[in-house]
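Make a model of the complete structure from these sequences and hints.
Those letters in the sequence shown? Residues 1 to 586, by the numbering used here.
Since the hints were derived computationally from the structure, they do not count as laboratory data. It cannot be assumed that every hint is accurate.
Ranges of calculated distance between the beta carbons of each label pair, as one might list FRET restraints [as the list claims (entries may be wrong)]: (1) Ser336 x Ala422: 36 to 44 Å; (2) Thr430 x Glu205: 35 to 43 Å; (3) Asp435 x Glu205: 37 to 45 Å.
Using N, Cα and C, we set each Cβ at its ideal position, and we do this for glycine too.
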Amino acid sequence: MQNLKLVVVGDGAVGKSCLLISYTTGSFPGNYVPTVFDNYSNSVMVAGKPYNLGLFDTAGQEDYDRLRPLSYPGADIFLVCFSVENRDALENVADKWIPEIVHHMPNTPILLVATKIDLRGSSQRSCVSFDEGFKFAQKHNLEYTETSALHGTNVKDCFEKAVYMSVCSGTKKHKKKGGLFSFGGKKFVPRPPEMPPAGKAPWIEIQTSTIANNLGKALEQPSYSDVTFIVEGKSILAHKVVLCSASNFFCRVFGLKPPDQDTGSSSKVWNFTWEDINEGKIAGLAGILDVVTPDGSSCDKPTTQVTISEDISYKTFRHVLEFLYTGLPNITEEASMEDIVALRKASSTLRLPQLDDIAKNLQNEEEFLNPSIGTFLNDQTGQRTKWLFLNRQALSDIKFKIEETTIHAHKIMLTSRCEFMAGMFSGVFTESSKDEIRIEDVSPECFLALLEYLYTDHAPIEEGDAVGIMVAADRYGQERLKNLCELYITKGVDVAVANSIAEAHVDVIGLLHTAQMYNTTQLAAWCLHFISSNFMAFKQRAEFKMLDGENLKYISENRWPPVSYLEAMEKYNAKYGQKDDKCKVQ
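So this is what it looks like as structure tokens:
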């Protein structure tokens with residue numbers, strides 16, 4: 001087996017050692033260990049012939065300028081590394097590293113290696129682009145490649161290219177009597193220029209759900225309440241919409257048929273009568289009545305007063321309400337075992353089996369299981385809210401008029417979930433005193449999709465106008481809904497262009513302009529990347545002429561393949577044509 005010596009040089013901290021470790025071990029080192037001189041080994045097949053690689057790592061600091069060249073003799077190739085986030089390191093390639101190699105080892109091939117390309121787009125510094133690195137390499141008559149040791153991008157290809165260059169270079173140690181080192185007497189044709197990677201599309205991040213936190217604040221600041229609980233002589237204000245959405249028990253208390261009630265069984269009594277409640281026949285309840293004014297007339301806003309039985313304490317019932325509003329009771333570490341036992345008893349009385357599971361987990365010191373229960377309940381409650389109240393007159397206290405469509409809604413759901421709505425109903429604007437509000441510049445379908453999101457944390461994006469819903473989400477300040485639309489739209493574009501980008505019906509350039517107009521920054525970044533990465537296809541489309549300003553500048557600078565690569569390929573094809581006698585790394 002023939003030995004090859006590869007020497008890696010470059011400024012300090014540009015990632016030389018990480019590149020070697022990533023190549024030889026397949027993993028990225030967890031800790032940084034400054035290198036003085038180190039050796040690694042690996043093997044590779046070139047044109048069916050095995051080679052043993054001696055990989056020599058060197059220190060780039062000036063302190064080692066006199067020692068470093070001692071590792072150069074016998075080198076078959078040099079890998080000169082620079083980090084894309086360190087422009088000084090690239091300048092030093094020309095100012096220091098090439099002169100040093102040429103002085104000590106003239107005629108030895110050099111491969112210029114860009115490292116840390118994963119930092120492009122995330123580093124606060126101005127990173128060296130592929131075009132800049134490629135043109136720099138051309139200027140100095142070097143081969144060029146790019147890598148990321150962290151992600152393993154192009155690492156193996158980098159060293160295979162180095163081996164190829166070493167074997168095919170024709171340096172003295174590989175010459176035979178007949179001429180250049182060759183196989184079967186044929187002269188090797190250089191590899192064609194390396195096509196740079198197009199890069200991965202920007203990741204669409206989805207904001208964490210806030211529905212539990214939003215409704216929890218509604219309990220602490222109970223505007224638009226329509227029920228008052230009396231517990232141990234103290235009052236707690238609450239909202240029938242939330243209570244009925246979270247509990248069949250309270251559906252029956254307030255006369256609403258539960259969503260999962262068997263409609264085919266008419267013999268079943270699905271609600272409690274107030275007579276039974278006031279006579280103490282319903283466990284957990286001691287009384288119920290509608291609040292009236294001193295003269296006996298109904299209040300402007302109907303309110304129901306419910307008295308909780310004496311066996312449930314104020315503290316325990318607060319935890320019950322926290323559970324109904326957020327999916328989890330707010331129980332601190334200081335809570336006693338007696339508190340938890342009381343909560344389990346109340347959960348049984350009020351027919352809340354999931355609350356009993358949560359309390360049981362607390363008893364067994366398995367509270368780590370509870371967040372998943374809370375998440376499940378939030379989703380389940382949202383679906384019940386949709387079934388019971390979305391665009392339904394039951395308990396509705398506000399109407400919206402869009403075109404000729406009337407949509408019923410509930411202020412507590414709107415104001416707790418949407419700051420825009422909270423401001424609109426705060427008393428500052430005229431809408432706060434109206435029973436019906438006219439909405440412009442949005443379709444009934446998109447507005448109803450927005451309401452469904454506010455009620456349930458989900459929206460019918462797949463069945464509706466995803467772009468229209470995204471625009472409505474921006475108008476009403478719903479960032480997470482915008483994120484969901486961004487993600488769905490990008491997946492939709494991928495499907496639409498599966499057969500042909502140039503002939504696809506989807507207008508990605510128009511989508512880019514819409515995204516920028518309505519502050520959907522992730523979608524805009526994705527569109528820019530998609531257009532840049534498919535530059536030649538988009539150039540054939542009629543809407544390409546709509547690109548201008550910063551958009552056109554970005555797309556031109558980041559087009560793929562880059563102009564420098566296309567020019568290099570033209571020169572290569574002109575010189576070598578379609579020859580097949582190439583040296584291949586296998």
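Right, here's what the structure says about each hint:
1. Evaluation of the 36 to 44 Å hint for Ser336 and Ala422 yields a pass: the beta carbon distance comes to about 37 Å.
2. At about 38 Å, the CB distance of Thr430 to Glu205 agrees with the hint of 35 to 43 Å.
3. Taking the beta carbon of each, Asp435 and Glu205 are about 40 Å apart, inside 37 to 45 Å as hinted.
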